[in-house]
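**Student:** Sequence:
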Amino acid sequence: MMVSIIVPIYNAENTLLKCVDSILRQTYSDLEVLLIDDGSSDRSWELCLKYMKHDNRVIALHKENGGASSARNLGLENSGGICNVL
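Note that full-length UniProt numbering gives residue 40 to position 40 of the sequence shown, counting from 1, and the numbers run on in steps of one.
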């Protein structure tokens, strides 16, 4: 059973690596990680793209800033498994 983990992101370049690396190191491997960049002005989006390029479990989506709930909703619309939202 695939689990979808939705991570709303806004200007989180300083904490993003620790968060995503922790998720990807889990022993449960049937998962997808949806990184939803909510219009960040730092390097968050660039980091999301790097993760997506190097791990096929990662999906990176970018949107105009609309708040965490808006980012979570976009993640839910694009998820393929049972959802968990961070």
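Heads up, a few of these hints could be off.
To be verified - In silico lysine-lysine, DSSO-like type, Cα no more than 30 Å apart, as pairs:
1) 53 x 18
2) 63 x 53
3) 50 x 63
4) 18 x 63
5) 18 x 50
Unchecked claim - Each pair of labels, with its calculated beta carbon distance range:
6) 46 x 22: 14 to 24 Å
7) 29 x 64: 29 to 39 Å
8) 27 x 67: 27 to 37 Å
9) 1 x 43: 15 to 25 Å
10) 66 x 13: 27 to 37 Å
11) 19 x 65: 18 to 28 Å
12) 22 x 82: 31 to 41 Å
13) 53 x 27: 36 to 46 Å
14) 50 x 26: 11 to 21 Å
15) 1 x 42: 27 to 37 Å
16) 27 x 64: 19 to 29 Å
Just so you know, these hints were derived from the structure itself, not from any lab.
Each residue gets a CB set at the ideal place from its N, CA and C atoms; glycine is no exception.
**Student:** Run every hint past the structure and note whether it holds.
**Tutor:** So, going through the hints one by one against the coordinates:
1. 53 x 18: OK: residue 53 and residue 18 at ~18 Å, within 30 Å.
2. 63 x 53: holds (19 Å)
3. 50 x 63: holds (17 Å)
4. 18 x 63: holds (22 Å)
5. 18 x 50: holds (14 Å)
6. 46 x 22: 14 to 24 Å: holds (20 Å)
7. 29 x 64: 29 to 39 Å: holds (33 Å)
8. 27 x 67: 27 to 37 Å: holds (33 Å)
9. 1 x 43: 15 to 25 Å: violated (34 Å)
10. 66 x 13: 27 to 37 Å: violated (19 Å)
11. 19 x 65: 18 to 28 Å: For residue 65 against residue 19, whose Cβ atoms are near 19 Å apart, the range 18 to 28 Å holds.
12. 22 x 82: 31 to 41 Å: Violated, since residue 22 and residue 82 (Cβ atoms, about 19 Å apart) do not stay within the stated range.
13. 53 x 27: 36 to 46 Å: violated (24 Å)
14. 50 x 26: 11 to 21 Å: holds (19 Å)
15. 1 x 42: 27 to 37 Å: holds (35 Å)
16. 27 x 64: 19 to 29 Å: violated (36 Å)
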